[in-house]
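Student: Sequence:
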Amino acid sequence: ASGDLVQLAHLALVLIGEGEVFFEGERKLTKEVFESEGLQPINVEIREGLALMNGTSVMSGIGIVNAYKASQLTEISIKLSCAINELVQAYDDHFSESLNATKKHLGQQKVAEKMRGYLADSKLIRKREDHLYTSFEEQDKVFKEKVQEYYSLRCVPQILGPVLDTLEYTEDVLENEINSANDNPIINVEDQHVYHGGNFHGDYISLEMDKLKIVVTKLTMLAERQLNYLLNAKINEIFPPFVNLGKLGFNFGMQGVQFTATSTTAESQMLSNPMYVHSIPNNNDNQDIVSMGTNAAVICRKVIENAFEVLAIEAITIVQAVEYLGFQDQISSSTRELYTDIRKIIPAFSEDMVMYPYLEGVKQYLKNYKY
37 ASGDLVQLAH LALVLIGEGE VFFEGERKLT KEVFESEGLQ PINVEIREGL
87 ALMNGTSVMS GIGIVNAYKA SQLTEISIKL SCAINELVQA YDDHFSESLN
137 ATKKHLGQQK VAEKMRGYLA DSKLIRKRED HLYTSFEEQD KVFKEKVQEY
187 YSLRCVPQIL GPVLDTLEYT EDVLENEINS ANDNPIINVE DQHVYHGGNF
237 HGDYISLEMD KLKIVVTKLT MLAERQLNYL LNAKINEIFP PFVNLGKLGF
287 NFGMQGVQFT ATSTTAESQM LSNPMYVHSI PNNNDNQDIV SMGTNAAVIC
337 RKVIENAFEV LAIEAITIVQ AVEYLGFQDQ ISSSTRELYT DIRKIIPAFS
387 EDMVMYPYLE GVKQYLKNYK Y
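Residues 37 to 407 in my numbering are what the sequence shown lists, from first letter to last.
Rather than coming from a laboratory, the hints here were simulated on the basis of the structure. Hints are not guaranteed to be accurate.
[Claimed, not checked] BS3-like mimics (lysine-lysine), calculated; alpha carbons at most 25 Å apart, straight line:
hint, residue 1, residue 2
1, Lys-254, Lys-146
2, Lys-64, Lys-254
3, Lys-338, Lys-159
4, Lys-338, Lys-270
5, Lys-247, Lys-163
6, Lys-270, Lys-105
7, Lys-140, Lys-159
8, Lys-105, Lys-283
9, Lys-163, Lys-254
10, Lys-247, Lys-270
11, Lys-406, Lys-182
12, Lys-283, Lys-64
13, Lys-254, Lys-406
14, Lys-338, Lys-283
15, Lys-159, Lys-139
16, Lys-159, Lys-182
17, Lys-163, Lys-139
18, Lys-380, Lys-247
19, Lys-283, Lys-140
20, Lys-146, Lys-380
21, Lys-105, Lys-146
22, Lys-270, Lys-146
23, Lys-146, Lys-163
24, Lys-139, Lys-270
25, Lys-380, Lys-105
26, Lys-105, Lys-254
27, Lys-139, Lys-64
28, Lys-254, Lys-338
29, Lys-283, Lys-270
[Said to hold, decoys possible] Label pairs and their calculated CB-CB ranges:
hint, residue 1, residue 2, range
30, Val-80, Asn-235, 41 to 47 Å
31, Asn-322, Val-50, 26 to 32 Å
32, Phe-58, Glu-273, 51 to 57 Å
33, Asn-322, Glu-211, 51 to 57 Å
34, Ile-325, Glu-273, 24 to 30 Å
Values in this document were obtained by computation on a predicted structure and should not be read as measured data. Every residue gets a Cβ at the ideal spot worked out from N, C-alpha and C, and that includes glycine.
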């Protein structure tokens with residue numbers, strides 16, 4: 037019913053010296069490993085076997101890792117979004133305090149604040165009053181440059197704000213869960229009473245994992261759209277097609293890896309269907325409505341892995357774009373850090389080459405990113 041019965045049964049087997057484990061890269065009998073390492077199995081007392089198996093430990097454990105990885109993704113997405121705004125020399129009003137204070141959502145305000153911090157020392161971000169309005173001549177009939185950027189550049193606080201809000205709530209739920217008693221029955225020693233209930237039920241975690249994978253998918257969709265903006269010369273009117281630093285018509289630039297980004301994003305969109313409402317009754321209908329919480333957590337983990345893949349492709353494209361424009365000395369210190377670190381993994385390239393080793397290297401860099 038909790039969603040963890042099978043997984044916890046395998047873990048409990050190991051504790052009593054049975055089953056199998058992965059040890060030093062190999063799948064081995066637990067008994068053999070215990071003997072080689074001088075370990076003793078535990079003695080399970082009355083009620084402890086059920087307590088070991090019937091809870092939310094697995095889904096909660098996976099969920100905590102998911103939440104941490106999602107927080108990394110959110111921060112990286114904010115930084116990459118800032119970098120793209122620098123590349124197009126965007127105006128600063130869409131992440132200004134004045135504009136975002138008109139919305140009461142804390143997530144939006146926090147994302148905008150982070151963007152202002154990351155872009156504070158950029159030489160590329162412009163103030164609208166210094167450029168667009170002052171240069172408009174009365175005889176001109178239209179503005180000569182784009183007044184508003186595409187949504188994927190302009191609406192970052194509004195898109196990543198809900199991601200941040202959801203993540204923070206998920207963290208609270210996970211913290212509550214791991215500090216709760218999810219055994220059944222609950223034995224109260226003080227009043228000498230046994231309470232039969234359903235604290236093992238994993239609906240809280242199941243719902244949060246579904247919510248988390250949905251917002252991570254939306255974050256991935258934002259990255260894919262930002263990537264498309266950089267690669268489509270007809271839209272950005274700044275870069276060569278596919279940020280191709282080689283010979284157009286002969287070299288491919290970032291064209292090949294875009295296929296990976298779009299198909300991976302599509303997979304996450306499909307995986308975003310909720311497990312929370314996919315209950316199947318079992319156990320002679322005793323467990324007639326269940327959480328599927330571990331399934332939800334595992335699928336969320338896959339969506340997070342996909343997000344790192346897409347953001348790695350976006351990050352490589354951004355540093356190639358910086359190379360094309362020669363903006364290394366004008367970008368913010370935040371973007372320069374990303375540029376320098378990623379250039380240690382993949383050099384500037386104009387010729388076609390096998391990309392997956394570099395992509396894997398950048399993905400690992402993002403996964404280990406500290407902020």
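Student: Confirm or reject each hint.
Tutor: Evaluation of the provided hints:
Taking the CA atoms of Lys-254 and Lys-146, the gap is near 18 Å; set against the 25 Å cutoff, the hint holds. Taking the CA atoms of Lys-64 and Lys-254, the gap is near 40 Å; set against the 25 Å cutoff, the hint is violated. Distance hint between Lys-338 and Lys-159 is unfulfilled; the C-alpha atoms sit about 38 Å from each other, more than 25 Å. For the proposed pair Lys-338 and Lys-270, the alpha carbon gap of about 33 Å is over 25 Å, so the pair is violated.
Pair hint Lys-247 plus Lys-163 does not hold up; C-alpha atoms about 36 Å apart against a cutoff of 25 Å. For the given pair, Lys-270 sits about 35 Å from Lys-105 by alpha-carbon distance, which is inconsistent with the 25 Å threshold. The straight-line distance between the Cα atoms of Lys-140 and Lys-159 is roughly 30 Å, outside the 25 Å bound, and the hint therefore fails. Annotation: proposed proximity of Lys-105 to Lys-283 is violated, straight-line Cα distance about 38 Å (limit 25 Å).
A hinted pair counts as satisfied when its Cα atoms are at most 25 Å apart, and Lys-163 with Lys-254 does not qualify at roughly 29 Å. With a CA separation close to 35 Å, the supplied pair Lys-247 and Lys-270 exceeds the 25 Å bound. Restraint check for Lys-406 and Lys-182: the C-alpha separation of about 36 Å exceeds 25 Å, so the hint is violated. This hinted pair does not check out: Lys-283 and Lys-64 have alpha carbons roughly 54 Å apart, beyond 25 Å.
Under the criterion of a C-alpha separation no larger than 25 Å, the hint pairing Lys-254 with Lys-406 is consistent with the structure, at around 22 Å. As the CA atoms of Lys-338 and Lys-283 are separated by approximately 37 Å, the hinted pair breaks the 25 Å bound. Only pairs whose Cα atoms come within 25 Å are accepted, and Lys-159 paired with Lys-139 is rejected, the gap being roughly 28 Å. Between Lys-159 and Lys-182 the alpha-carbon distance is near 19 Å, which keeps this suggested pair within the 25 Å criterion.
Restraint check for Lys-163 and Lys-139: the C-alpha separation of about 21 Å stays at or below 25 Å, so the hint holds. For a cut-off of 25 Å, the pair hint linking Lys-380 to Lys-247 is broken: about 36 Å separates their Cα positions. With a C-alpha separation of about 49 Å, the suggested pairing of Lys-283 with Lys-140 is violated against the 25 Å cut-off. For the hint linking Lys-146 to Lys-380, the alpha-carbon distance of about 31 Å lies beyond 25 Å, and the restraint is violated.
Among the hinted pairs, Lys-105 with Lys-146 is consistent with the structure: their alpha-carbon atoms are about 19 Å apart, no more than 25 Å. As the CA atoms of Lys-270 and Lys-146 are separated by approximately 33 Å, the hinted pair breaks the 25 Å bound. Proximity of Lys-146 to Lys-163 is assessed by CA-CA distance (about 21 Å); at most 25 Å being required, the pair is judged to hold. For the hint linking Lys-139 to Lys-270, the alpha-carbon distance of about 33 Å lies beyond 25 Å, and the restraint is violated.
For the given pair, Lys-380 sits about 23 Å from Lys-105 by alpha-carbon distance, which is consistent with the 25 Å threshold. Note on Lys-105 and Lys-254: the hinted pairing holds, with a Cα-Cα distance of about 15 Å set against a maximum of 25 Å. The hinted pair formed by Lys-139 and Lys-64 fails the criterion: a straight-line CA distance of about 56 Å is larger than 25 Å. Distance restraint check for Lys-254 and Lys-338: the Cα-Cα separation of roughly 14 Å lies within the 25 Å cut-off, and the hinted pair is therefore satisfied.
Our distance criterion of 25 Å between C-alpha atoms is met by Lys-283 and Lys-270, whose separation comes to about 18 Å. In this structure the supplied range 41 to 47 Å is violated for Val-80 paired with Asn-235, their Cβ-Cβ distance being about 21 Å. Range check, Asn-322 to Val-50: about 27 Å between beta-carbon atoms, so the 26 to 32 Å window is met. Checked against the hint of 51 to 57 Å, the pair Phe-58 and Glu-273 passes, with Cβ atoms roughly 53 Å apart.
Here the CB-CB span from Asn-322 to Glu-211 is close to 30 Å, at odds with the stated 51 to 57 Å. Judged by the Cβ atoms, the range 24 to 30 Å given for Ile-325 and Glu-273 is violated: they are separated by roughly 55 Å.
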